[in-house]
Amino acid sequence: MKEKARTVLFWFILIQPFLDLYWFYHGTLANILPFTLPTIIRILAVAALVCLYFSSKNSWQKLSQEKLLLFYIVLLAIYSAFHLVHVQHFTSVNPNNYGYTASGEIFYLIRMILPLTVLYLTNELDFDQKQLQLVIEGISGLFSGTIVLSNLFVVSLKSYETGTISANIFEWFFNPNIGYSHMASKGFFNFTNMISAVLFMLLPLMLYYLFTSFSWHTVLLNVVQALAMIEIGTKVAAIGLIGGIIICLILFGLHKYLIKDVKKGGKAFLVAVLIEVGTLVILPFGPAIQRYNYEIYLAKQSDHDLTDEKKELAAGLQKYPSGEKRAEFLRYFIKKNYQEYALNHKFVFKSYPYQYDPEFWLKIMNEPGQARMENRHIEKAMLDQVVKTNNNKLDKFLGISYIRENNIFNLERDFTAQIYSLGWLGMLLFVGPYLAVLFYGAYRWLRYKSARTYLVSSLIVSSSFILLAAFSSGNVVDFLTASFILAFVEGNLLVQVRKKETIRNFN
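Under my numbering, the first residue of the sequence shown is numbered 23, with each subsequent residue one higher.
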């Protein structure tokens with residue numbers, strides 16, 4: 023049964039790109055069932071894996087001996103019960119209570135447990151290095167190949183906004199007026215930030231296979247992934263590609279000349295350098311730089327002369343210093359002038375509607391233009407105001423619920439986002455294990471010579487990259503595609519660092 027479970031898990035991780043296709047989350051396919059089809063498939067798949075693995079008596083015996091893990095499971099259950107009771111009672115200015123439902127919150131907690139289950143099973147099922155390589159190269163090829171080909175034939179979905187792109191990568195060099203939103207490509211996948219983070223995570227492992235299994239197909243896969251990271255047009259992908267290659271070249275040098283567990287790699291080193299040079303040549307024409315320049319332009323525009331608006335505001339506040347008349351004036355003024363203050367329409371009208379708390383938006387409008395343009399600053403300010411209104415000290419430990427946070431706006435900074443939705447306790451229980459595995463792997467690497475291999479180093483860097491991306495751009499650990507792949511990578515990290523005799527790569 024262990025072999026069957028390993029095979030099922032192998033294919034389950036490999037099909038994650040298919041489960042992230044855009045149409046599963048938008049349109050007819052998204053509304054067929056109460057929950058999206060990919061989520062249902064994932065729940066059923068993990069349930070099947072658990073049943074397969076624990077159909078063996080030895081698996082139950084092994085679990086019964088892992089006291090720390092059992093204690094953790096008990097803590098999860100206790101926390102979940104307290105969290106669900108706590109978030110039911112909430113004080114808010116929004117009459118719909120930010121769309122909170124108990125069923126939605128329970129479903130979210132189940133979703134967060136699924137990748138942790140996969141992490142445990144991956145460690146227990148003991149994948150060999152060849153299987154790991156097939157999965158990593160398969161995921162990279164599916165994500166990157168789809169993005170590159172769809173960009174080439176100008177059928178890719180836009181990374182920003184909706185619809186398809188207007189130009190492929192070749193047109194970037196001849197038409198400087200395309201605009202980043204018409205250039206950036208995410209293939210046919212759902213969420214841009216998540217794909218960027220996954221590709222950033224895969225980069226060290228793809229370069230590891232380039233250095234240790236040099237062939238035409240490892241070269242091709244690395245080139246295609248680099249192109250995909252350029253074409254997707256996010257800061258994480260662009261900066262991650264440039265900095266990631268440099269870090270991985272240093273890592274290769276460490277293992278070749280100091281640890282000496284890699285003998286060859288000269289051709290691969292040259293290929294990696296050429297990919298870096300090519301990236302530096304292409305990026306100035308690409309959507310990431312275009313978007314950066316556009317943000318600078320918008321920031322300058324946000325500080326344009328607001329003399330007339332400020333006079334109108336001052337006169338209105340002087341006329342209506344307090345009470346309902348003041349609130350009515352502010353609602354009128356905000357609706358009329360929010361664009362002049364460069365405020366995001368979605369924030370003002372949907373996330374935290376101005377009608378319910380105009381004083382909050384008055385405070386935001388009085389901030390400098392650069393602050394008003396910083397989405398993460400506004401996202402955090404809205405959530406802080408919601409927490410302040412609820413005025414419950416337990417929110418710090420048990421959260422305000424994922425459903426509420428997501429309906430306000432999913433803060434683009436993981437770990438912090440989970441502190442709002444789950445509280446400090448929930449963040450540590452549901453997200454903390456990923457950090458714990460990373461730190462444990464680094465500890466084993468430093469402590470034991472047998473764990474100090476090029477593969478282990480690459481797995482550690484890979485896990486570090488996606489967690490860095492999660493903190494930097496958010497929307498990673500709450501999304502199952504990314505968290506399942508992270509769980510698989512970290513599960514294999516645990517396998518590798520615990521081996522008594524680690525096979526070294528003498529290529």
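Bear in mind the hints are in silico, worked out from the structure with no lab data behind them. Treat the hints with care, as some may be off.
Claimed, not checked - With a straight-line Cα cutoff of 35 Å, these simulated DSBU-like cross-link-like pairs (lysine-lysine) come out: (1) Lys372 to Lys410; (2) Lys333 to Lys286; (3) Lys286 to Lys79.
Claimed, not checked - Derived DEER-like restraints, expressed as beta-carbon distance ranges: (4) Lys84 to Gln377: 56 to 64 Å; (5) Ile95 to Met23: 16 to 24 Å; (6) Gly345 to Glu317: 13 to 21 Å; (7) Glu183 to Arg398: 18 to 26 Å.
For glycine and all other residues, C-beta sits at the position ideal for the given N, C-alpha and C.
Which hint numbers does the structure go against, in order from smallest to largest? 2, 3, 6
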